[in-house]
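*Asks:* As given, the protein sequences belong to chains A and B, one line each in that order. Residue numbers for the first sequence follow our numbering, beginning at 1 and rising by one. Residue numbers for the second sequence follow our numbering, beginning at 287 and rising by one.
Think of the hints as simulated: they come from the structure by calculation, not from any bench. All values reported here derive from a predicted model rather than from experimental measurement. For glycine and all other residues, C-beta sits at the position ideal for the given N, C-alpha and C. Treat the hints with care, since some could be wrong.
Straight-line C-alpha distance at most 27 Å; calculated DSS-like pairs for lysine-lysine [what the hints assert, rightly or not]:
hint, chain 1, residue 1, chain 2, residue 2
1, A, K57, A, K33
2, B, K701, A, K57
3, B, K701, A, K123
Sample of chain B residues with no beta-carbon within 10 Å of chain A, all distances over it, derived [to be verified]:
hint, residue
4, L311
5, P313
6, D566
7, L611
Where chain B lies over chain A, by a calculated footprint (3+ residues, C-beta under 8 Å) [to be verified]:
hint, region
8, 119-133
9, 136-143
10, 236-243
11, 271-279
The chain contents come next:
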Amino acid sequence: MSRLDVRKTYKLYIGGSFPRSESGHTYAVTDAKGGFLANAAKASRKDARDAVVAARKAFGGWAGRTPYNRGQVLYRVAEMIEGRHDQFTADVVAAEGLTRAQAAKVVDAAIDRWVWYAGWADKLAQVTGNANQVAGPYFNLSSPEPTGVVAVMAPADDSLLGLVSVLAPVIVSGNTAVVVTSYERPLAAITLSEVLATSDVPGGVVNILTGDASELGPWLAAHLDVNALDLTGVVDHDLGASLEAEAAINLKRVLRPSTPDWTAEPSLARMTAFLETKTVWHPVGV
Amino acid sequence: MADHAVPPTPLDYAPAPESRSIVDLQPSYGLFIDGAFTEGADGRTFKTVNPATEEVLAEVTEATDADVDAAVAAARRAFRGWSRMPGRERAKYLYRIARILAERSRELAVLESLDNGKPIKESRDVDLPLVSQWFFYYAGWADKLSYAGLGADPRPLGVAAQVIPWNFPLLMLSWKIAPALAAGNTVVLKPAETTPLTALLFAEICQQADLPPGVVNIVTGAGATGQALVGHPDVDKVAFTGSTDVGRQIARTVAGTDKRLTLELGGKAANIVFEDAAMDQAVEGIVSGIFFNQGHVCCAGSRLLVQENVYEEVMDRLKRRMTTLRVGDPLDKNTDIGAINSREQLDRITALASTGDDEGAERWSPPCELPTSGFWYAPTVFTGVTQAHRIAREEIFGPVLSVLTFRTPDEAVAKANNTPYGLSAGVWTEKGSRILAIADRLRAGVVWANTFNKFDPASPFGGYKESGYGREGGRQGLASYLTSSVLQEGETA
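Construct the entire structure; sequences and hints are all you get.
*Replies:* Below, the structure is given as structure tokens:
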């Protein structure tokens, strides 16, 4: 007689813990062929707001780490994804209907992507900042700084490589993130939250909400303590436009919806979208 | 012209008015579209006045939707040639403009003071030198775009719609037009309703420089003209400097389009004075921080944060210094504080400042006689201000300073950052490590340490949070007008 498996009901990842949705709602996640995989928490407005509070609380500490330290912390996350290679591969197989070999390549690419971004932590300021020679006796230096709390609508289809490709660039510079996962394919994000919870990434730096972007998006877009909005995963044009319009309430920085080729070499774009330039002047004299 | 009804005392300055004869004002001005001045589609005009006297300076055309359409079409036609022109040729046009601006700088400075109300000392010594320098700086970038750190082949965006404010009319024009043109874009610019004249003189300078028609188009008008311009379907880039409320509207207007947007909006900068500051310099910095340009400065140091144990000393020195400020005729070379730009702005300052009285702050102004015609506001300082007061939270955009105190560096940073704005900040201390630590923690795009209100085309300027996004000046300012393989994602799937 075959063993009966233990079915899972996953939870959210907010402030370093795994709460159930405040609403009590869950939804069934199915594989590419419609078979039952697990139940996921269906995040509510209150969960989104809690996640923003956690992200804001974590911001000062994370942005205040030395870039070298942030780079090391993120590199270790890549090590841990590598350690769970099989589990991520299974997630991708189930979600995206790929063969095991194809899915394993996706996981490889996601790890490599994470490592690529981790290495930027202590190089961004050298590449995007500069000294300015002004016409007067002044020291003048421009440096990048993180924008703050970033709400991220993760890609709907590419549940692991796409997720990693939008999340890593947000947090590497010191931002904190509230991520709304793919609604239909949340398992890779849930596995990633388990990785993050046991990594050195402080609680609150990454908050992961499984749920519907069209329900959660408007609350996050209009939230006054969110500084930026990444709409990459929003496929519906009208929804994207309305979220961008909502975001104007406090002049959030908005990265518009797009469907990039996630296997292509990234650029600085996803990092610079969530960086501010600070310029400091000081007189020169004896 | 100047109001010198008060007989000079033996120690007073004699009037030293700059002559306005250098300015040759026309009674009326058309729109500058496709290289020529044209009448508006429906002949509507409005008057621009000298805010120091309320004298009408000229009639200006109010551009309609059809006029905006024509200007955008002209810019679109010119884009092909301008963007494909070798960078070194574009550079030479910009150098030419920079030189003409310098040659005609006195004329432009006088006109700016007439139309805006700012002291000739500032238009002559700050605005105009920077205007020319801005074109000179970006001219040099035109043939070096691939070295701007934006990848091998950065490309212009197309037609830029640019809307600028009235506080630094020609300087804001140069911040907008110089980088846009250097990058190969063409522009349609709308100057502010109350200060259109130097932009129209700039249009003449474009003709004088033989700039190809359509590369720069100037449409005058009020809010409706600006809305038509930023909402026009054929513009690729919108750049706006002005209030946060209008900035929000523009962000909503461009939502869901492919238009790129940069916004330079309001501010409520903290100017933080620590107990170990060099007091003479700090007091000068406080004064220039809030009274420069009548306080019509988005990055003005409008919230003074003083460490509690030097509060009395700072206030005594500040008040003594404020009694020496000379308010009056903008064309007088000894004037420190000129006219408020418009009656509307004067009303706004008056109303907001009166909430300071109502909410329990204590108002002080030095004794000073204000001219009887024109729009004037005495330099004003409010003490006993709390963080909840409207005068500590809202941008007054006038010569009104709110003073708060703090005990510890942590408290100073918390109070400084307690605002939805994040444009600029000042810090005054003789301790180097403290400067760096405080500058690090201030959420503001520009931090002036032991100085204030300094600007340079090589230095990026722009805000955090609700002060807008994007930078003007420097390499970063160029990026606002280019699309590149480094700052934009590659081909979409």
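*Asks:* Does each hint fit the structure? Answer for all of them.
*Replies:* Going through the hints against the structure:
1. Straight-line distance between C-alpha atoms of A/K57 and A/K33 comes to about 41 Å, which puts the hinted pair past the 27 Å bound.
2. Restraint check for B/K701 and A/K57: the C-alpha separation of about 18 Å stays at or below 27 Å, so the hint holds.
3. A threshold of 27 Å between alpha carbons decides the hint, and for B/K701 with A/K123 the separation of about 31 Å lies outside it, so the pair is violated.
4. B/L311, annotated as away from the interface, keeps every beta carbon of chain A farther than 10 Å; the closest lies near 32 Å.
5. Consistency note on B/P313: stated as away from chain A, and its beta-carbon is indeed over 10 Å from all of that chain's, at 38 Å minimum.
6. For B/D566, the shortest C-beta to C-beta distance to chain A comes to about 13 Å, beyond the 10 Å cut-off, and the non-interface label holds.
7. A cut-off of 10 Å between C-beta atoms confirms that B/L611 is not in contact with chain A; the least separation is 23 Å.
8. Coverage of the region 119-133 of chain A by chain B holds [criterion: at least 3 residues with CB-CB distance below 8 Å; count 5].
9. Only residues whose C-beta sits within less than 8 Å of a C-beta in chain B count toward coverage, and the region 136-143 of chain A has 4 of them, enough to reach three; the restraint holds.
10. Chain B is given as covering the region 236-243 of chain A, and this holds because 5 residues of the stretch bring a CB closer than 8 Å to a CB of that chain, at least three being needed.
11. Only residues whose beta carbon comes within less than 8 Å of a beta carbon in chain B count, and the region 271-279 of chain A has 5; three or more means the coverage holds.
Of the hints listed earlier, those the structure fails to meet are numbers 1 and 3, in rising order.
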